[in-house]
Amino acid sequence: MDLQKLVQKTRGLVIPLVILIVWWLATRNDAHPSPILPTPEKVYASLLSLLNEGKIAANLQQSLAKVVKGFLVGIVAGFILGTLMGLSRTVEKLFGPLFNAVRQVPILGWIPLLILWFGQTELAKVIFIALGALYPMTLNTFDGCRQLKREYLEVAQVFEYGRLRLLWRFTLPSALPAILAGIRVSMSEAWLLVIGAEIFFKARGGIGDMMWEAKERVRMDVVFITILIIGLIGYLLNHAMTLLESRLLRWRV
Amino acid sequence: MKKQFATSASTLFLGFIIPTLIIISMEIVARFGLTTNQLFVPPKLIFETFSDLLKSGDLPRNLAISTLRVTTGFIIGAFAGLVFGAAMGISRTFEDYAGPLFHGLRQIPVLAWIPLLMLWIGIGEDFKIWFIAVTVFYPMALNTSEGVKGIPMSILEVGHVFEFNRLKQFWTIILPAALPSIFTGLRLSLSIAWMAVVGAELVAASEGIGYMMYTGRQQFQLDTVMVCIIAIALAGYGMSLVMEWIEAFCLRWRRTVE
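Residue numbers (my numbering), protein chains in the order written: chain A, 54 to 306; chain B, 6 to 263.
Chain B with its partners taken away, still in its complex shape:
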């Protein structure tokens, strides 16, 4: 799933045709005043707003706040999911006890937790972090447990032959063998975490990129909203690139990464 579409020089060129056409036609519509609709934003204005918000520091500040929230929630949720998923994968008994509840709760769409968490935790910083952590926990736990369960018996037997203790078995055999699907979980979780932070900031925040969009919408500043959308997309994409580098680094021992 990693490389959905081919990417080469010619592809890149063709890929720019339609976005360029869209931007040019939007600019033409704006220049010749073909529409008086205030919901139409000329590309030039988006660009100017972008640089204004960069200079004033509003955009970097809010983006940094959201990024920090994503990172914190992601680390908590991913770690919890990793431990829980590994436990379910390793121990049959643990899975018997905790599995049904886990799979039951997993059926609940993550956005449905927002009202409950708001009532229990309030609307402060904790709420956002916890909400992100909850959304990250499920895909992480699921991918880890499936990764551990998918380890071939022959690999596990190596540990028995060498008479590794449990901890050593986990660190030297189980964890590396499950690493590819753990990274699948991490990549998936990261994009979900970005969705979660936007959601949390849309309903309860006084700063952050989602809040910036929210106020932009209330004040009918379509350019600000557009700039925020682009900024979130770039930040999310940047973080997923970092994740891919980490993955490539950690999995460099594999001869073929997909």
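Same shape as in the complex, but just chain A:
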């Protein structure tokens, strides 16, 4: 069993290693290094120097600040909207179609409008990220609230629970898995959109802007590094959310 696992793990390394070797061989003997394919050594050296200068940390901090703001606004708004639509059929009928219509607009399509309304400001970016986080959060919360089992409703009726108490005791706990899944999806959406915000809003600062600037100066090594870091942070954020999920859902059998 362990040997099989080991074989599996090694197999996964084969293709990345082959790519690395081909890359190294292809760029090894260049008298005139190609601007769009730096050597692996160059990428590694740039990574070290960027880390040393603290450029990566500083830009990441700016991006994460935007993500947190947009994410929080988005999930709170999505939670409220989703709960209201989930609890009341009337609210659902009033806002559901509008919500679905607005959702048809590809999220990046809002950028020109947001720029016109709010300018190239921090506020515009946060609203943009919040909007992206709002959709999955609303849908998941809505679905979760609707999953309340009939038996629980009957129990609540027997004990003559008020609406708030029913919400707090039964609806929200039974919706929790869906809500947490919504939070996780919203987080990865927020991370995607902060990169978008930094590329499409001509903004200074942030890891997306660092990547864009490197593109403008044809610094392929920095582009590679920023892509890797963006992927890594995205993975870590997702992982953190998954941990949070399993921790908060421990009470479930």
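Since the hints were derived computationally from the structure, they do not count as laboratory data. Among these hints, one or two may not hold up.
Think about it this way: if two alpha-carbon atoms lie no more than 25 Å apart in a straight line, the pair counts; the simulated DMTMM-like pairs of lysine to aspartate or glutamate are [as the list claims (entries may be wrong)]:
#1 A/Lys-122 <-> A/Glu-175
#2 A/Lys-58 <-> B/Asp-101
#3 A/Lys-255 <-> B/Asp-228
#4 A/Lys-255 <-> B/Glu-130
#5 A/Lys-62 <-> B/Asp-101
#6 A/Lys-58 <-> B/Glu-151
#7 A/Lys-95 <-> A/Asp-274
#8 B/Lys-154 <-> B/Glu-249
#9 A/Lys-62 <-> B/Glu-100
#10 A/Lys-108 <-> A/Glu-266
#11 A/Lys-255 <-> B/Glu-212
#12 A/Lys-58 <-> B/Glu-100
#13 A/Lys-255 <-> A/Asp-274
#14 A/Lys-255 <-> A/Glu-175
#15 A/Lys-108 <-> A/Asp-274
#16 B/Lys-154 <-> A/Asp-55
#17 A/Lys-95 <-> A/Glu-266
#18 B/Lys-173 <-> B/Glu-252
#19 A/Lys-62 <-> B/Glu-151
#20 B/Lys-60 <-> B/Glu-212
Let chain A serve as the given structure and place chain B on it in line with the hints.
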């Protein structure tokens, strides 16, 4: 996930209340000159711009260009994702080799590929098509491989009993059984493709609906931007409806489609 909210006649009526109220109040604000803010657009102006742009042919032309890009990129990406995902689902060995790299690359938010692709491919038509194809590839591959892996053993055994060869097993058993999740992937990919084309056209294009928005914004034509937003939403919705029809047609043998 397909029908998020109930849709019936009464629902439809209630659903129109708030949009109508918004439009009426916007129109009132405009009529009585309650605001001099040029960032405020009366609904009437949006409607006029819409018909102007329709008549001049600007809107249909740019929308057609974007739709063509979406379609091309979508077909390439979806096909590649389908083949790759099916291979990962069918062959354990293939998954061992390619899976970790795939899941690693999947962590990278799709928009982060834009600068790299622009440097490697340039800012021409190829860039847009490739970018759309890349964004479509991941959800397609993931859904296909999960669909294939989720096929119950008992169904696969039928193929062994009848001694189908590999190709026949794939066409008559694996593909139909994985079709529902393949369509989930297709629907998801299609909406991502629309997002991708707007993104690509916002950064590098001289035509297309995203470019039209971009110039509209630069010239402070809020009405044009609004019209583009509505047009993209309608086009995207139209295409997803077509996809749902295809899905219903292909899955008509299932007694219940969700």
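Straight-line alpha-carbon gap A/Lys-255 to B/Glu-212, limit 25 Å: holds, 21 Å
Take the C-alpha atoms of A/Lys-255 and A/Asp-274, compute the straight-line distance between them, and say whether it is at most 25 Å. Holds: A/Lys-255 and A/Asp-274 sit about 22 Å apart, inside 25 Å.
With the threshold set at 25 Å, check whether the alpha-carbon distance from A/Lys-62 to B/Glu-100 stays at or below it. Distance ~11 Å between A/Lys-62 and B/Glu-100 Cα, so the pair holds.
Sort out whether B/Asp-101 lies within 25 Å of A/Lys-58, counting only the CA atoms. holds, 10 Å
Would the hint linking A/Lys-58 and B/Glu-100 be met if the CA-CA limit is 25 Å? Status holds; Cα separation ~13 Å.
Check the hint pairing B/Lys-60 with B/Glu-212 against an upper bound of 25 Å on the C-alpha distance. holds, 18 Å
Holds or violated: are the alpha carbons of B/Lys-173 and B/Glu-252 at most 25 Å from each other? holds, 22 Å
Measure nothing beyond the straight line between the CA atoms of A/Lys-255 and B/Glu-130; if it is 25 Å or shorter, mark the hint as holding. Cα-Cα ~23 Å, so holds.
Restraint check for A/Lys-108 with A/Glu-266, where alpha carbons must lie at most 25 Å apart: holds, 13 Å
Between A/Lys-58 and B/Glu-151, does the CA-CA distance stay at or below 25 Å? holds, 21 Å
CA of A/Lys-95 to CA of A/Glu-266, is that 25 Å or under? Judged against 25 Å, a Cα distance of about 18 Å means the pair holds.
Holds or violated: are the alpha carbons of A/Lys-122 and A/Glu-175 at most 25 Å from each other? holds, 10 Å
Comparing the model with each earlier hint shows no violations; every hint is respected.
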